[in-house]
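Undergrad: Using the sequences plus the hints, can you model the full thing?
As they're listed, the protein sequences go chains R and S.
So the first sequence is numbered by this note's numbering: it starts at 1 and just counts up by one.
So the second sequence is numbered by this note's numbering: it starts at 249 and just counts up by one.
You can take every hint at face value.
Straight-line C-alpha distance at most 16 Å; calculated EDC-like pairs for lysine to aspartate or glutamate:
{"hint": "1", "chain 1": "R", "residue 1": "Lys13", "chain 2": "S", "residue 2": "Asp342"}
{"hint": "2", "chain 1": "S", "residue 1": "Lys385", "chain 2": "R", "residue 2": "Asp79"}
{"hint": "3", "chain 1": "R", "residue 1": "Lys86", "chain 2": "S", "residue 2": "Asp324"}
Bear in mind the hints are in silico, worked out from the structure with no lab data behind them.
If you're wondering where the values come from, they're calculated on a predicted model, not measured in any experiment.
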Amino acid sequence: MQTIYILWLRQVKKYFRSRSRIIGSLGQPLLFLISFGFGFGSIYQKAGEGNYLQFLAPGIILMSVLFTAIFSGIDLIWDRQFGFLKETMVAPVSRLSIMFGKTLGGATVAIIQGLIVFVLTLVIGFRPTNFYLLPVALIFIILIALLFTAFGTAIASVLEDMQGFQLIMNFLVMPIFFLSGAFSPMEGLPKFMAIITRIDPLTYGVDGLRGSLIGSVHFGLGFDLLILALLTTLLLFIGSYLFFKIEV
Amino acid sequence: MEENNLAISVKNLTRKFKDFVAVDNISFAVKKGEIFAFLGPNGAGKSTTIKMLTTLLWPTSGEILVNNFDPEKQQDKVRKSFGIVFQDPSLDEDLTAFENMQLHAYLYNVPSKIRNEKIKQLLEFVELWERKNNLVKTFSGGMKRRLEIARGLLHQPEILFLDEPTLGLDPQTRNHMWSYLKDINAKEQMTIFFTTHYMEEAEKIADRIAIIDHGKIVALGNAKQLEEQTKTKSLEEAFLALVGHEIREEEASNLDQLRMHRRMHHVDRR
Ligand SMILES: Nc1ncnc2c1ncn2[C@@H]1O[C@H](COP(=O)(O)OP(=O)(O)O)[C@@H](O)[C@H]1O
Ligand SMILES: [Mg+2]
Numbered sequence: 001m002q003t004i005y006i007l008w009l010r011q012v013k014k015y016f017r018s019r020s021r022i023i024g025s026l027g028q029p030l031l032f033l034i035s036f037g038f039g040f041g042s043i044y045q046k047a048g049e050g051n052y053l054q055f056l057a058p059g060i061i062l063m064s065v066l067f068t069a070i071f072s073g074i075d076l077i078w079d080r081q082f083g084f085l086k087e088t089m090v091a092p093v094s095r096l097s098i099m100f101g102k103t104l105g106g107a108t109v110a111i112i113q114g115l116i117v118f119v120l121t122l123v124i125g126f127r128p129t130n131f132y133l134l135p136v137a138l139i140f141i142i143l144i145a146l147l148f149t150a151f152g153t154a155i156a157s158v159l160e161d162m163q164g165f166q167l168i169m170n171f172l173v174m175p176i177f178f179l180s181g182a183f184s185p186m187e188g189l190p191k192f193m194a195i196i197t198r199i200d201p202l203t204y205g206v207d208g209l210r211g212s213l214i215g216s217v218h219f220g221l222g223f224d225l226l227i228l229a230l231l232t233t234l235l236l237f238i239g240s241y242l243f244f245k246i247e248v
Numbered sequence: 249m250e251e252n253n254l255a256i257s258v259k260n261l262t263r264k265f266k267d268f269v270a271v272d273n274i275s276f277a278v279k280k281g282e283i284f285a286f287l288g289p290n291g292a293g294k295s296t297t298i299k300m301l302t303t304l305l306w307p308t309s310g311e312i313l314v315n316n317f318d319p320e321k322q323q324d325k326v327r328k329s330f331g332i333v334f335q336d337p338s339l340d341e342d343l344t345a346f347e348n349m350q351l352h353a354y355l356y357n358v359p360s361k362i363r364n365e366k367i368k369q370l371l372e373f374v375e376l377w378e379r380k381n382n383l384v385k386t387f388s389g390g391m392k393r394r395l396e397i398a399r400g401l402l403h404q405p406e407i408l409f410l411d412e413p414t415l416g417l418d419p420q421t422r423n424h425m426w427s428y429l430k431d432i433n434a435k436e437q438m439t440i441f442f443t444t445h446y447m448e449e450a451e452k453i454a455d456r457i458a459i460i461d462h463g464k465i466v467a468l469g470n471a472k473q474l475e476e477q478t479k480t481k482s483l484e485e486a487f488l489a490l491v492g493h494e495i496r497e498e499e500a501s502n503l504d505q506l507r508m509h510r511r512m513h514h515v516d517r518r
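TA: What follows is the structure, given as structure tokens:
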């Protein structure tokens, strides 16, 4: 417990210490919100779909959760290369608690980042319609944060160095974001797109968050929650397994 | 029970990496309270041995006891009983000196009552108390090493492992560091196991020295015995007589390159 706490604290402390990075990381979601939210808004409205910013905001919130979570997980590569990981590996604590401390810390950071972007969307003009579902929205944010931090940890346990990182970004993380239905409705997608979208875990987060914030849901909140809970558990297992195999 | 006086006992220890034998059937024992040196050129197998003694690597074959515990089967007991300063840095540079110590105290379950007092005492001991709230990345190499030593001592280990602890340190820092360590060794009967490729260091500091080359221990004893064995007049000559004159390539550290990468990566994130 003590181990999990102190490694969690380390992660959170380091996040709050890098203020310039927090502010910097708000640039991207802001850009998306303004350029897409207002840029495509009129087309979207003409197509009779209502306010695009309302539709877009949940996806952008999860985008920042996704990116922050993956980066926090991948941070493990630096811990390994800069030697800090050895300090934890020779300590009389289980690897599971090291992995959990790190993952919980990374997920906490991603959740905070998501909440900041949520506030940002409110400032720009996003208006959630179901206030009583806000706790459910938070659960979706938490699950996505945990899922992708564990995912990042799993990747970092396998990657030797940062060489493969760009590859992962371009061929895994970006597609996960763009194919999650963050930008366009699930209805009326071509068959193959519909299939890809269904494979993408983030899809269920976006759907669930949209459902809980603006009441428009495709799969159903319960279904989204179930899928994400299962996937998160699975990823935590895979992440722990790969973390156990690390040699320093 | 003879074993009880031994801090470390190693029998027929071998470690292979695929077909390459990094540590080749070595045996030795270190007494409690002793200062023991592994002296050998680059690539001799010193770090690999330390990693096996400290539960970071499993042996391919052979027996190890550290404080009478088996590193493979009694991991946590072994881990609690030693402190280690690795060859490469292992601090979190984005945390302060105090936070690095605190983290260690939590990992080793140092009781909260004495935690802060102990940290203060050790940071004063290595003359870093004034800098306790500075981020480690602002520290010089010598300061980082001292902090790592303080950290390694925080949970009051019975053995301290030091893997090439003075590599890259200037002579003043080196002397300073050894004077702390000899002090603790004398006061608390703490066993010290260190590796080095500096002959003077082994000769001056260690009670006994094992000369290791190509994974094998080629000689073991105090400096005098080693000179007698090789019929030479100094440890330096003894060493050269045993391991030859060929130059071993230093393994290039790519840490600087890494740091650059990291900076780029951080820029990426924005
Ligand atoms: N993980 C590893 N995989 C393959 N070879 C290794 C590994 N670790 C060490 N070696 C090799 O084992 C030999 C001994 O290494 P090491 O114990 O680090 O030497 P020393 O610490 O004495 O300089 C070297 O030739 C090194 O390249
Ligand atoms: Mg070495």
